[in-house]
Amino acid sequence: MSEIEQLIRRAEAVATRKDLSLSTVSRKLFNDGKGLARLKAGGQCTLKTLDTARARLDALESDGSSVSVVSPAADIKPPAEIDARVMTHLDRLEAESIHIMREVAAEAENPVMLYSVGKDSAVMLHLAMKAFYPSKPPFPLMHVDTTWKFKEMIKFRDETAKRLGLDLIAHINQDGVDQGIGPFTHGSQIHTDVMKTQALKQALDKYGFDAAFGGARRDEEKSRAKERIFSFRSAEHRWDPKNQRPELWNIYNTRIHKGESIRVFPLSNWTELDIWQYIYRENIPIVPLYFAAKRPVVKLNGTEIMVDDERMPLNGVAPTEEMVRFRTLGCYPLTGAVRSTASTLPEIIQEMLTARNSEREGRVIDHDQAASMEKKKQEGYF
Amino acid sequence: MANAPLTADDNVIDYLAAHERKGLLRFITCGSVDDGKSTLIGRLLYDSKLLYDDQIATLESDTKKHGTQGEKIDFALLVDGLAAEREQGITIDVAYRFFSTEKRKFIVADTPGHEQYTRNMATGASTADLAVILIDARKGILTQTRRHSFITSLLGIRHIVLAVNKMDLVGYDEDTFRKIEDEYRAFAKPLGFETIACIPVSALEGDNIITRSRRMAWYDGAALLPFLETVNVRSDLAEKPFRLPVQWVNRPDLDFRGFSGTIASGKVKPGDEIVVLPSAKRSKVARIVTMDGDLDEAGPDMAVTVTLKDEIDISRGDIICAGQAPAEQTDQFAAHLLWMAEDTLFPGRQYLMKTANRIIPATVTELKHKIHVNTLEHMSGKTLELNEVGYCNLNLAQPIAFDSYADNRRTGAFILIDKRSNATIGAGMIDFSLRRAQNVHWQDLDINKKARASAKHQRPCVLWFTGLSGSGKSTVANLVEKRLHDLGRHTYTLDGDNVRHGLNKDLGFTDADRVENIRRVGETARLMADAGLITLVSFISPFQSERRMARDLMPDGEFIEVYISTPLAVCEQRDVKGLYAKARRGEIKNFTGIDSAYEAPQGAEIDVDTSEISAADAADRIVEFLQGNGYLEG
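Heads up: the sequence lines are chains V and L, in that order.
For the first sequence, the working numbering gives the first residue as 1, with consecutive numbering after it.
For the second sequence, the working numbering gives the first residue as 1, with consecutive numbering after it.
Calculated directly from the structure, the hints in this document are not laboratory data.
Incorrect hints may have been included.
[Said to hold, decoys possible] Selected chain V positions facing chain L (in silico; Cβ < 10 Å):
| no. | residue |
| --- | --- |
| 1 | Thr-88 |
| 2 | Ser-97 |
| 3 | Arg-218 |
| 4 | Tyr-252 |
| 5 | Glu-260 |
Where a beta carbon is used, it is the ideal one built from N, C-alpha and C, also for glycine.
Let the sequences and hints guide you as you build the complete structure.
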């Protein structure tokens, strides 16, 4: 007789003697009314659970008063254990993102994927390749180029589109260029507004896109934690946090009026760690700037900024060569480098796991005030 | 951020391999503001070392500004995101939080607890496997606890953690906890949860959150986080019949035709026999295609692309089912409906229903009862307001394949969308089909008489004008139709002239032909009423039995006999068409009132004599009758 069988016999005997139902005894032993039934049906449990149950059974057999019913012994597996193909958290996140992308492809008239060249975009693009395989994703990529992105980003962007054979729209706000808008001359706020926020609205209007994928994640920032996966925008591109559509199950309401649009965030439920783990698991190419290398930097307001081109005003300070990398990528004058020697993915992940500063900390634009992102988004920032 | 402190010696590759294999638990937290729900989540994030230094710094500065806990860190500020919420000090939307431990990744839907946010809670619950219901140990089980448990069970969550919070404020007293536990288990029995775990905690002090608290040695169960790490919430979806709602047809070239979607239940292997609904075409699975190579088998929640052995027509909205166990199909079903809009739900109004993969016009035909979210009592009602739950019958423009929500959350759920505003206004859970014979006569009842009438805001009826030739039937009927038209009602008039020249031109004036004439007119009037119209019939119809026959064609109350009782002498005197003169001269045979009888109605609903009142007054009386009896409402 196996140990489990012995336990069942003893439990049944106690039930008869004390005039308790088997499920009550089961609850006392496992805090699960069906635990015994599952074991009887051939289910398994861990040794620890068995030991606990045995100890409680001892007590129950003597008088039963000291037995608690609350201890959750949750690891009793149902007998018909399903196959080994249990989905991991990354599998689930992947499947959810693919479902979202297919829904947009099926229901939107003119979708686009906003491709920012960063690691999140790399994951999003990889998921799109999977979602529609063997077809190509049925939408173009669009990059809003502020003209201040790292040179390596632009190179990587063009190579990626070519390698995957995808249409790429690179949009630049020509009005802003004509006015000479830039982060050094106009400050980060005006630069971001004109070259990024306004540029994005321009581009969406120009091409008449009714759905735009973005790589934002809910864990990035508090106001994003409450944004829907399908986030509705008025014809003026405004987001109304008080008037969001309830989003139940995986049934997404994609209906809009003419002129309105939807921003879709297939990575909503991913965290920074998930992104890195997935890049590692899937071997997804990312911009080399994420890896540590000797790069010329200068210190600007306490942040180390890489000198990516001659537009950087140095004011007589000579850049120094440092081992640095970037945790997020944006406009080079607004993106702080971090000192690092991490030059492989596992090293980056290890660094991230031990880091004590959150990801957006390196971004100059988020600092202004706690609710700043919510405000920006209402104005149309992605 | 590290759950286990990671030193440089740790083998990060092993770490990654271990973390890659983690499972995922999605849970919802329910409780009211004062139960300390946000504090609990903040505590889970904080104590499991998931916060960065800069986040803690922001938290400390925010605590000084908005904090409600004096000198202590106010964890609630970590999770109350939107600016408006910070100012009001309450959580109003659903916020999603993420954290992971070595064993699991967690997605937490943090939802508000007030009754006016029932819809937000339902939203969070719809994707959760487990609910953590918070109770203030000082207050015990409250109305809101019952509501949260009901919504949780309504949305199909099978596992409950009852976190009895603020144990610090009751001196960590065991009896208080046991009393609450017993009461809750008794209350929750009819809700049919699979497991209920009760854990005494103090979110503020951190008792029984990450580790067992020494202050409650009497509690020998697991602390909250270890419990969440190990609780088995595996669904039985894999054992259910295969369902793949087709989301997107994958057709890169003429040689490849794949069907993409997320598997709702069951498993599938190449070679499996399948049946496609609604076409009922059969084939076998050829391949399960992914970018990483074909799969030998796929199961629930996997987003896949399958190809079939035969070339059959499949499009978005279809469901590929196990050949031996196809889903049911119906165009009428009963469902629980949670109303999520400010605008009232009116039975009869048409909405759009979106299921896993298609959109169809749908009408709530009947609200059977409402369910009080606090007491679970059934109440009668004609409409549903925001945050109310009802049990209703729905009627669809086309049949859909479905499973009951209790069997399958993926193929039994739907949302309702307002056709004009495009807002999501309702969430539904299908109970069962109202039809048994599922493949017969779908089309003829898609939109029924009630729906048509409701769209016209009226009750259809037949006004049957009878009386001698020249009595004023047509004149009065025309006036009545004009008035109704002015009131925006939808009408049609059948009279001798437009019927005798077309439909009934083969009929003469023998008694037999008169009977057939009236039979046809009666049937035509019935069709028109079925179309939702107020139908006016103006016929001499001299025989009692034929009028009775016409009356019997209609449901009770829909046949209104209008007797125009103008005396023969007056009619003959008017003789508008000169027919009486011809009849008197014998030039017309079988003329009613002259050489054929007129049987005056017994008990007509309306009786007017146009020799006594004007035709206009007669018309007014008839319209008043219709108004007074509710025919112009709806």
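Okay, the hints, checked on the actual structure:
With a cut of 10 Å, the hint placing Thr-88/V at the interface with chain L holds, because the nearest CB-to-CB distance is about 5 Å. The interface hint given for Ser-97/V is met, as the beta carbon of that residue sits about 8 Å from the closest beta carbon of chain L, less than 10 Å. The criterion of a C-beta within 10 Å of any C-beta in chain L is met by Arg-218/V, whose closest approach is roughly 5 Å, and the hint holds. The beta carbon of Tyr-252/V comes within 8 Å of a beta carbon in chain L, closer than 10 Å, and the hint placing it at the interface holds.
Taking 10 Å as the C-beta contact cut-off toward chain L, the hint placing Glu-260/V at the interface holds, the least distance being around 8 Å.
Figure legend: structure checked against the earlier numbered hints; every hint is met.
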